[in-house]
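Student: Letter by letter, the chains look like this.
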Amino acid sequence: MMKRQRVISFLQTFLALGAVLAVVIPVFLSDFPWPTSARDYLEAHGVADSGARNLVSAIYLGYRAFDTLGETIVLLVAVSGTIGIIAQSGVSLARGFGEEALDRKTASPRLRHRRTELIDVVTGKLGPIVLIFGLYVMLFGHLSPGGGFQGGVVIASGIVFIALGSKNEDSTRLQEAGMLARIEAAGFLSLILAALSGMVTGSGFFGNPLAGMGASPVSYIVILNAVIGLKVGAGIGFMCVAMMGRVE
Amino acid sequence: MKPPDIMMAPVYLPILGAALAFCAKAFFQGRLGKGVEYAGVFVGLGLPWLALAWGLPLVLSGEALQIVMGNWFGGVGILYRFDGLGWLVILLGYSVATAAYIYALGAGPRGPGFSGIFLIQTAALAATAMTVDLFNLFVCLEVMGIASYILVAKSEKPGAFLAAFSYLMVSATAMVFFLIGFFGLYRLTGALSYQGIAEGLRSLPENGGIIALVSLSLVVAAVAIRVAVMPLYGWLPDAHALAPHAISAVLSGVLIKTPLFALSRILMVLPAGPEAGRLMGYAGAVTALAGVTIALAQKDTKRLLAYHSISQIGYVVAAWGAALALGVHTPAGLALMTAAFLHALYHALFKGLLFLTIGTTTDLAGERDVYLLRGAAGMLRRAGEKVPVTLVSFIMGALAISAIPPLNGYASKAALSYALKGTWQDGFLFLAGIGTTASFIKLSRIYWPVRKRAPAPAESAAGKTIHPAVQFSQGLLALLCLAGGLAGPLLSRFVMTLLGGDASPAASLPPQLFSLQNLQKTGLVAAGGIILFLLASTKPGKGLMHLIRRRPRGFQGLFLSFTLGLAGLSLWLFFQSRPVGW
Amino acid sequence: MLDRLLLLLLFLIGFWGIIARRNIIKKIFGLTIINSAVVILFILEGSRIGNSTPIMSSGIADVVDPVPQALMLTAIVIGVCITALALAMAFRLYRSAGTFDIDEIRRKIHDEAS
Amino acid sequence: MTTLILVLLIILALYTLLSRDLLHGTIALSAVSLLSAILFYYLYAPDVAITEAAVGAGVSTVVFVWAIRATERRDSGK
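Protein chains in written order, with my numbering: chain L, 1 to 248; chain U, 1 to 582; chain V, 1 to 114; chain X, 1 to 78.
In case anyone wonders, no lab produced these hints; they're calculated from the structure.
Just so it is clear, CB atoms sit at the ideal spot from N, CA and C, and this is done for glycine as well.
A couple of the hints might just be wrong.
Partial chain L-side listing against chain X, Cβ under 7 Å, derived [what the hints assert, rightly or not]:
id: 1; residue: L143
id: 2; residue: P145
id: 3; residue: G146
id: 4; residue: F149
id: 5; residue: Q150
id: 6; residue: V154
id: 7; residue: S157
Given these sequences and hints, build the entire structure.
Tutor: And the structure:
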């Protein structure tokens, strides 16, 4: 019986790969010239419309900011869903971050004894530096490469460094899962309010509220970058800290 | 608050509500948390009805509001369109979501996390209905998908995680193919919105040739997998059967229809669209018949309902595909599209009703097997349901799906067969009607009183009672089914004016709903159903059904059917665009 | 032309990983690989029309097409979120079935159900 | 340069899918992510490079390693 089943599965794989290959070849191998209409418009008007010199940030937080909101929602739903699915299983590793109290004493013993000196020194010292770099990437998104998401993930790795390296007595509140969940929820609410603010000043949903007024329009992109960065950083930090099962 | 802002309300209000729900989960406990969560749910599910009411006169007059999100430049920005089709699909989404949430208050999953994800799913439904930008459609489908994977997995049943995992892997892979299709179309035209892509393709020699056809088939196949048409339905039965009841109602009622109508926006505009619509119409008719035959063979009640969802969506896609092939602005095409939407709306109502009532009964009896569960009617009465709301609601749902006159199924199936008359699809749908009646007689046996040699009557577990919110939502859906049936012609005229705009007066409606000819047809279907049911309960019948149930369904089969469906669609488009042949 | 062939091969390897490997973690590896392949396809083809980074400091002329770059930011993040969720489900499947082999999981769950 | 990186990516992808040990597969996958980040930087796409490096190599590797730590490391079957 096993032989027959293996042959069937091999045939199915071969058939599926052949069908996909036949369909996808024209698209992958076409050498049709790449359209330049969007690039030309953005080169001419990108900076004037959104105020951001980094055109990718101009698109990503200006012209197509709704896609970014969708992306932030996917991240939020994925984090809360992943934690929900893991926490319900009540696994020892997962017990550390159940919905109720997340105090530091429930870390499973298996993780505690394997802490080497290297982890203490490196992560303890590197944590703040990585956090500062994350904030820089987040806040200068409209000038240099980077922005909300990238800065947020670097901040998340900073939070993980702090959570790993903190000694028993002087741990900051930043590494407690409850605190991170609060920052994430507050960040998401303020992102929605920032998006809706465009309606109040008449430039429409996700429009730039400062377009009419004196302040340079780029500050709207900086605000969006900051809010998304905090939300993403807290969200991914929350997931990583939860997955580590609350190391001391 | 200019008109474009109110038009977008069904999208951003549920997101705001979800943000409130997540804040309630993170910040507050106890009564304050509940208060903030329900405030978010009211903002998310209550207020958008006002926006719909505001939008009605605008779309009734045939106008359509097309905006660029945030008044940015159209070539790069995101275009949204609020027209009759958008209004109707949002109405469909919100009505089923509200009824399902009321049911969830009573018996379904609870908690701020669930409310937040449910609201985000509703927002994604509304956004998918209104977007006319291809990459934004990708993001909306991903948001809708990820919300539904988690909601399916929330039911903690052993099979639920396997069902959610298969659903996730197949949809995620399909969305990567969608990206390749989007790449092909962006490469040819440099535009992101449907109109921009269509104009770009038309200015190219041969409408962009083979690359355009292949890219369109990639996009259509990726969206069609969420609609569960014939070759691509493998993931649906497990996901819908094992999800919590409220989520099964929303999944079957709305989540397989919104991508279909979003796809109709693409196929109405792009040059090779009508051909793709024609093929999907044929696949829809085959789905209607095949779905019913597999449903007849099922043992598990909710899996039987899930296969019926596939068969009923086959009805909708059959008419929808034919409408696109003829062009929605021709009178015949408009009649077909109206019949398709009418059946989609009515199916959402009666299928949601069936999922909720069967869910309540099987939860109470603790038994989901059609052959073992008996005497559920008595059990419901003993469980403190003085007024048999669940029983009556189930009967109305079963009559509606078998197209018995007073109820809405009859009205929409009459419209379907009138619009499709004379085509082979109509024959398939007629046979599928017989199968539906037979399987619902079989399903309703769980309510029949116990006979001597039947298995022990169902006893509800101690202490389980039926929550008033559960009864309210079931009663609400049952009333909507009845109202839809009685007001059939009126509602189909309303839907036609919304969809057609200028072509509506010329389009013909089924002349007289309760005409002798229609009633004769219904009698025939009912008789055929009873005969088929008797045949099915004979010895060879049971053997055949056991065979159908045991057919191998592996994880690999999902992907193989997806790739073959994809290759079939691109071959069909290729040969259709070469009428001369070589 | 060679780059596109290699990219097509990378995509096929990822797709083969999803359908042929029976270990569900390997299937999630395959999903991540085909996601990366499509993102590279967008950026590779998008960068053929220019030769400088799309940051408009003074005197910058023909810039690379920024639109696919902005879109691929979203696609990468969505891909990672889907992967994280798939892994959480794989974890729960492992806890209920004791193995990562999709066929054994399906057999165990069918035995429990019927 | 692009062709070289693509060949390396193919080799690493094959190793990810063929290796018996899931942890080696995860490390090879984060190498795939890192190499594609370098490729993006070379193709004038720094934003995507940072995202791919931070999100692709960073977060997904953490999640994969956690999933394998919490379950089983050896890949038994084919």
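Student: Which of the stated hints cannot be reconciled with the structure, identified by number in ascending sequence?
Tutor: 1
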